[in-house]
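Chemist: Chain X: place on chain P using the hints.
Protein chains in written order, with this note's numbering: chain P, 3 to 383; chain X, 1248 to 1524.
Honestly, the hints are just simulated from the structure, not real lab data.
Take these hints with a grain of salt, some might be off.
As the list claims (entries may be wrong) - Here are some chain X residues the structure puts well away from chain P; computed CB gaps all over 10 Å:
| hint | residue |
| --- | --- |
| 1 | V1325 |
| 2 | R1469 |
| 3 | L1489 |
Unchecked claim - Stretch by stretch, here's where chain P covers chain X in the computed footprint (C-beta under 8 Å, at least three residues):
| hint | stretch |
| --- | --- |
| 4 | 1306 to 1319 |
| 5 | 1328 to 1340 |
| 6 | 1368 to 1381 |
| 7 | 1508 to 1514 |
Just so it is clear, CB atoms sit at the ideal spot from N, CA and C, and this is done for glycine as well.
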Amino acid sequence: MAKPLAGTYFWQGNEASAEGAIVAGCRFFAGYPITPASEILEHMAFRLPQNGGIVVQMEDEMAALGAVIGASWTGAKAMTATSGPGFSLMQELLGYAFMTETPCVVVDVQRAGPSTGQATKCGQGDVMQARWGIHGDHASIVLSPNSVQEMFELTIQAFNLAETYRTPVVLLADEIVAHMRERMTVPSLEQTTIAERKKPNSTEKQFFGLKQVAPMPSVGEGFNVAVTGSTHDEQGYRFTADPLVHRRLVRGLVEKIRSNTDRIVDFESYKTDDCDVGIVCFGCTSRAVYEAVELAEDKDVKVGFLRLKTIWPFPEKNVNSMAQTAHVVIVPEMNLGEILYEVDRAVQGAAKVVPLNKIGGGEMITPEELLAEIVGSVKAS
Amino acid sequence: MTETFTIRKYLRDLTLPFCAGCGCVTVMNCFLRAVHELGHNDLRKFVFCSGIGCSAWIPSPYFEADSIHTTHGRSIPVALGVKLMRPDLNVVVFGGDGDLAGIGLSHLVHAARRNVDIMVVMVNNMIYGMTGGQVAPTTPLGVRTTTTPYGSFDPPLDTVRLVATAGASYAARWTTMHFGQLKEAMKAAVTTSGFSFIEAVSPCPPAFGKKIGLKDAAGMLRLFKENSLSLEQADKMTKEELENKIVVGEYVRRKRPTFTERICETLKEAEKTAEEN
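Isolated chain P, as found in the complex (with noise of 0.2 Å):
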């Protein structure tokens, strides 16, 4: 077998998230060429055969998500990666694998949009569509990694909650996160959770919309398991103009999530319970962060953050409770305000809530940027 041996690295993102995969157990990818995601599938096209697992290239977004959830069906961990433009291609059957607790990955490597944008620079303007891209109603697990390290490690992470909660998981990459390349370590299996899914034992009949998470069989199994988008109930029986069935099963799947979101959520805070000023910042933009801090506390300002590694589920209690304390919550992005709303939501009126937005040519928000924002604040307040 060729999994990465245990040891220190230098690895660029992308390739990252895909010898992640190849960690989590990862068997087959199927993509679409994009930047600045298309390293993934390059890598995973000479790794994950070297690994027992199959790769093609599709025709198109919808065939490899596509070709991504039939295999997930077989029993295979599976995963695609994409950028805006395919994200929102993807959006049909992410809302697919959702209605069909198909546990899959989908690494969307964020880029400057709307459209074609500005395809080979940074942004930060996918987190809404990663929560609401799908239509109707949904629940959403998005993770967003801020170094190669963790392009690595919540790929892995991505595909556990994938196959714990039977549902997609995006892992919310950007551009910059996904480009560079810097020192990283790979652990030792023995070191490294892998989740599995649940599977039916041979007399069960229920696979759909369960209070707890279903089991889930594989097709060539003899479960005889029929699969549908449409409002089915728990044997996977289309009911399609039931309103008790509908309820029934939506109200459960979006439950599914919400009710395991103190067990979902992962952030890394620092002096959350005591500062003036507050930062809730995600990806690219918190490497600027961690400086800005140090920069203010060389100027004796207290300032504490939250870096969300879970956007979605959004941990909301963690926002207010630090919110008590700040004076300030600034909310820094890659686009013209997003979580920005959701931070405001959590806060409830606690603190002042401020952005600061950045779009265009991929330019991060700097350290100075940030510095001069917190500094103003304080003033201010």
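Modeler: Just chain X now, with coordinates in the frame of chain P:
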């Protein structure tokens, strides 16, 4: 010794949803008889994928089998994913002309090009039936549909010829009038290695028949009979003479390396590089 054919042994105990005179029932019957005659007493060795439309409901969930009822047009990519990971299973797609020749056409062409080892049955009723009779890429010229109230103005797609040209191992067209030939084509398609495609021209009395002044299936089947021509007959006719005719028969039957065979070759190569590293 094969058991006698009873359609029920392949079906779940559910009421079928099809309208009176719907060709989907004939297609279902032909397929299951073919499966029976090939010696399968159940559908354990099959996985069915379908998209959106009436014919997508042929297998889902009525067949006592694994079935994946996908979104509109995406049955073929899902089937490809299943087949690659479980090459031992027969993966069969059912879909309509809107599903496979409309929204899902690119998947159909690429699956044929790659010679993916799946079987696709396209039930062609020449209309979007489930949504109430809108023009389809297969609707003959001049038909007044709900979205072409003054007559359809674009020529229909010859899907089976397209698929044959793209590289399928097997491609045939029959109508539901040609019960015996359709059943034999199903048998050929199930046993073909590589991509096999059957277009079954099929009556939809409520959504298409009505549009051309034929309210029942009998009238539509008569029309199919009158308008059907063999490939040999068609060869001698001009394009104008062939307008609105249904050219039936086997368009292609050949041996070509399949998608799974080719992928398996590259996997061996990959294993070698893994050992070298």
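Chemist: Could you run down the list of hints and mark each one as holding or not?
Modeler: Evaluation of the provided hints:
1. V1325: Answer for V1325 of chain X: violated, closest chain P Cβ roughly 4 Å.
2. R1469: 33 Å, holds
3. L1489: Fine: 30 Å to the nearest Cβ keeps L1489 of chain X off the interface.
4. 1306 to 1319: It holds, with 10 qualifying residues against the three required.
5. 1328 to 1340: Three-residue rule met by the stretch 1328 to 1340 of chain X, so holds; n is 8.
6. 1368 to 1381: violated (count 0)
7. 1508 to 1514: holds (count 3)
When held up to the earlier numbered hints, the structure conflicts with 1 and 6 and fits the remainder.
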